[in-house]
Amino acid sequence: MNYHFGRGRERLVPYLLLLPGIFFYLLISVGPSLATTVYSFTDATGIRGAPIHWIGLDNYKEFLLMGQASRDNYGALGRTLIFSFFVTTIQFALGLIAALAVNQRLKGSNLFRTLYFMPVILGAVIQGLIWSLFLYPMGGPMAKILSLFGAHSEFLGGQPVEAFAWVIIVQIWANMGMTMVIFISGLQTIPAELYEAARIDGANARQVFANVTWPLLTPSVNTNLLLNIIGSLQAWQLFLVLLGYRNGTQVLGYVIYAQGFGQTSGSVTSAFRQGYAAAASVVLFLLVLVIGMTVQTFLRRREERILGS
Amino acid sequence: MNTSLKSPLRLSKPVNWGRLGTYVVLLVFAVVYAGPLLMLVNTSLKTLPEFMKNATALATGLNFKNFVDAWNKANFPRYLTNSLIYTLSATLVYIITAVFVAFPISRRYVKGAGVLLTLFVVALFLPPALIPQFQLMLRLGLYNNPVGYVMLFLVNPIGIVILVNFIKTIPKELDEAAALDGCGYFRFVTSVIFPLIQPAVATVAVLHAIGIWNELILPTIYLTNKNYYPITRGMIVFQGVYGSNWPTLAAAVLIMTLPMLILFLFLQRYIISGLTQGSVKG
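Protein chains in written order, with this note's numbering: chain A, 348 to 656; chain B, 313 to 594.
Hints listed in this document are in silico derivations from the structure and should not be mistaken for laboratory results.
Glycine is no exception: its CB is placed at the ideal position from the N, C-alpha and C atoms.
Label-pair restraints from in silico Cβ distances:
{"no.": "1", "chain 1": "A", "residue 1": "H499", "chain 2": "B", "residue 2": "R331", "range": "34 to 40 Å"}
{"no.": "2", "chain 1": "A", "residue 1": "Q643", "chain 2": "B", "residue 2": "K423", "range": "27 to 33 Å"}
{"no.": "3", "chain 1": "A", "residue 1": "N349", "chain 2": "B", "residue 2": "F437", "range": "32 to 38 Å"}
Derived pair list, reagent style SDA-like, types lysine to any residue, alpha-carbon separation capped at 20 Å:
{"no.": "4", "chain 1": "B", "residue 1": "K480", "chain 2": "B", "residue 2": "A425"}
{"no.": "5", "chain 1": "B", "residue 1": "K423", "chain 2": "A", "residue 2": "R354"}
{"no.": "6", "chain 1": "A", "residue 1": "K491", "chain 2": "B", "residue 2": "L350"}
Working from the sequences, and respecting the hints, build out all of it.
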């Protein structure tokens, strides 16, 4: 590209102005990201000025192979997968249904879309607190609804499995709007002529969906599936707000945080096991990478089969 | 545009997936989404004894005492001010640096522009930076330091990608013409390009600001001094103390929610388009 704004020393101006942005990016994001692997082979703590030793694979051995702690880690690993599976599938299905309904453009559609999307921008603290109240066990709204059906729940204070299930529900409630708007933007790229043609050919609603909407929605399907899978494998903030660090409910993201920074926020003087936490982050990262790549490959093949090219 | 919007509707009339079914679906979702919010509002207007007696009964009147209590007890003015300072300063600095990164990359005015852009896209697939980032801040003496905390938010790769793509739609002839008129690079970017990319800047700024405002983990890790807490962290502390006093807690949550809600209602278009663009590109 021809540069018009001068030569010689003046040619350096764009480089100079580019530097601050790149500098912060490398310093705060890329550098630390790459260093995570390095730290995972050390016994680093959160203590300022404490020496750091190279300990090889010890963190990984401890994380994966040693006694009760590693059994707990496998528990967290399993819960991470279960959490991700339910969140992804349910959020995907509900997001699609909501998008199809909103996209009918009936009166009030925009209002509904705004309402469903709103939790996305509220953040984990507000989402979590709103639901803690809604799940108030002593006569709160959800307790009353359940009692109509003769059911009862201790909600977030109940058995770990029960509390865990409620976090899944809140997570879906909080993020369904995002899935929905991606589907809506996909639906709007489908040419109206195709619906017209299908109608002339006498297709019913189900046939239109199966032969026009669903195949042409493939790009949004792929985006949503990948985003939901990767997002839910790494999500844990709602666990922090809704449950705290509770045995039998932790997912990997929360384990990393708890090991690296202590279970509660606190003083930096306690010996936080940051090397160990770094090893756990690498494990989570590899899990996300393997699952993400596998799904991506599968989705790409499916896309080629459906859309050609 | 109009016909394309209307045709699915016309199509749906003869088949049984009609208006009615759609409205039922919309309303069911609406109840699930509005329910928890209405419960929050209702609770914030009740007294504690009223709440204990019957948690779901409608508030008998407009009782704003909870809001006054929350405002005074929760140290809200301080937390809100902190959040505002962090969000505005980090977003401002980020946007300025981001435009000067995105423009030359988009125009290929710097060598290795393609590599740089790839660097920003790849970031989305790197391991989390949490631990080494903490070690770095500790060594730099920026732990429990508001300036260090703001520094953590000077990065947002998706924003760069959105800006680069938007700048591509600005004709390159403009650069040449401005240069011929003797306009320098810095002035060109700040006074010609910047106004032209306002929509993209607004989108990126709003997304970035929301992320900072809602951040809970980083203040939990990096800030120990209560005077530095942003509203998210302050809210968790408040919950710890007033956790059983739901009317006051609900009022506090509402106070914290309102700024975001208002922002969202006004800037919805930018937020949604930014998020969908970012996700599709990413």
